[in-house]
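**Student:** So you can see what is in the structure, the chains are spelled out below.
There are 2 protein chains.
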Amino acid sequence: MTIDFKQDILAPVATDFAAMDKFINEGITSKVALVMAVSKHVVEAGGKRMRPIMCLLAARACGADEMEPYRKLAAIIEMLHTATLVHDDVVDESGLRRGRPTANATWNNQTAVLVGDFLISRAFDLLVDLDNMTLLKDFSTGTCEIAEGEVLQLQAQHQPDTNEQTYLDIIHGKTSRLFELATEGAAILAGKPEYREPLRLFAGHFGNAFQIIDDILDYTSDAETLGKNIGDDLMEGKPTLPLISALANTTGHEHEIIRRSIATGGTSDLEQVISIVQSSGALDYCRKRAHEETESAVSALQKLPESEYTQALYNLAQLALHRIQ
Amino acid sequence: MTIDFKQDILAPVATDFAAMDKFINEGITSKVALVMAVSKHVVEAGGKRMRPIMCLLAARACGADEMEPYRKLAAIIEMLHTATLVHDDVVDESGLRRGRPTANATWNNQTAVLVGDFLISRAFDLLVDLDNMTLLKDFSTGTCEIAEGEVLQLQAQHQPDTNEQTYLDIIHGKTSRLFELATEGAAILAGKPEYREPLRLFAGHFGNAFQIIDDILDYTSDAETLGKNIGDDLMEGKPTLPLISALANTTGHEHEIIRRSIATGGTSDLEQVISIVQSSGALDYCRKRAHEETESAVSALQKLPESEYTQALYNLAQLALHRIQ
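Protein chains in written order, with the working numbering: chain Z, 15 to 339; chain U, 15 to 339.
Careful, some of the hints might be misleading.
Where chains are identical, the list cannot tell them apart; a pair therefore holds if satisfied intra-copy or between any two copies.
[Unchecked claim] The calculated lysine-lysine pairs, modelled on DSS-like cross-linking and capped at a C-alpha distance of 27 angstroms, are:
#1 K302 x K317
#2 K151 x K206
#3 K317 x K36
#4 K317 x K20
#5 K45 x K151
#6 K302 x K54
#7 K45 x K317
#8 K62 x K36
#9 K54 x K20
#10 K151 x K317
#11 K206 x K302
In short, the hints are calculated from the structure, not lab data.
Could you put together the complete structure from these sequences and hints?
**Tutor:** Below is the structure:
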């Protein structure tokens, strides 16, 4: 079966999604023209809005029907995501994201740092309005862990000794944690504590799979399908799973090429690295790990009552896998 | 009377201050070594910790005696302040702060941006633990306004048409707003709503006076007393009150020199600008405005019962004025 994003994932919450989009635009009002201009620019550059969709689906899966607070929560999730992207682009000195000029490129680093700060504060401000202390604690702890994950990634840059556990810690912080907030937050707001853990586990494992797949594509895809250049991670000396696995599977000359590439960064050895990553079975291992994480995600979902919403979450997990098939 | 910081301001809350300092160090724990190293570096580089001291004095002035929550609140204020400094140093590309290398200089911009994000998140995380929704709303709104003030300052850079009202909006956001959170926050936590407005007004006007004085010193002080170079604001084309006032008081050639200096930045005309700022009466006007703001601050303070704590806050306002006498 071919999964269609709009039909098989978005459709059950299409109305909520449209309302959520409106909240995002309303939520980023500011007296300061430059804050408005930059915020609009980065929020409009958004992708599929996968995180807020997960939040809305999780809310419905918990039996929510008065959806206004969840639409707000989903908008908050997207604002937090946007804020981290704006700061990531400063950190990575990126000029383009999804084919559009980044905030730091369109304005400058200064503006991007400060508008990112505004978006984080505004997201918390809207969250406080939801008036739920458990939700606030979950989010304030979660955003700490997200920032820690980003720093851990920076710390691991150019470190060939980074192991799979550290890699998992990094991707949990930088990717999966916000997915967890999106779905677990919906359960908290719905007053369904019994669904918090299954929804967190679903989102956490799905997030891991999603990031592993993204890291595979950095060695197999091309700019057209991925929206970024092949070898970007290698360029920055990021020890992602394909390289960690290649190091585990090789010795001698090949092993040294991978180590050196992580340590120095740059893409002068890109072709060789791609060849080693493929021939050593590293990509196969990564695909296996992505499937395992997806299975764990799907299995956690079974603790929730079956509905079109859990089905849509299941479809989302399967669709992500299609990118590496 | 010569006011001594330690004796006449800090002394009434010296015990609380020491406990607060301990909370700061405990509050910035992280599993990630780089987060710890950078956080310690920037928090230890702290100055007089004026903001948390104001928070502690405000709490005592409200009659608080079980001080643990206020010590935490004061620590949170200092963490938020530190986070904005870390991002400011990235924005201003500063290499030194208070004579110590900045985080961006010691590590890099990337690390500074992300650790700043961590400190903001951690501050909110500790704030949530204080379990007071009114306090959370005050802080979440306030931090939005702080970020907006910073962006407004960026937007006004190189704009000679910036007027005094816009200048006041900028300094309210970037400086006074956090002072307000420090004192008004104490009143909220103390359950003394009747003291919220007087303490906010005190801190807001004091913050304005403090920043105006700082901006005067950029044209009259030297690196040794100020910890920054004379002409820093001019270098960046910042239209601070001395220049706004000089523009209002001059015509012809002198007027044009000031306009051009704001528009282009740089310090090639620094001596001439200093001379015009002095001869045009701009500095006198700034001093008058600093005194007026201090009087408004002190006047607001009179709504609180007299105590050694209100006296210390009064002393703080007077001490700030001494810098321009």
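**Student:** Hint compliance check: list the failing hint numbers for this structure, sorted ascending.
**Tutor:** Violated hints: 3, 6, 7 and 11; rest satisfied.
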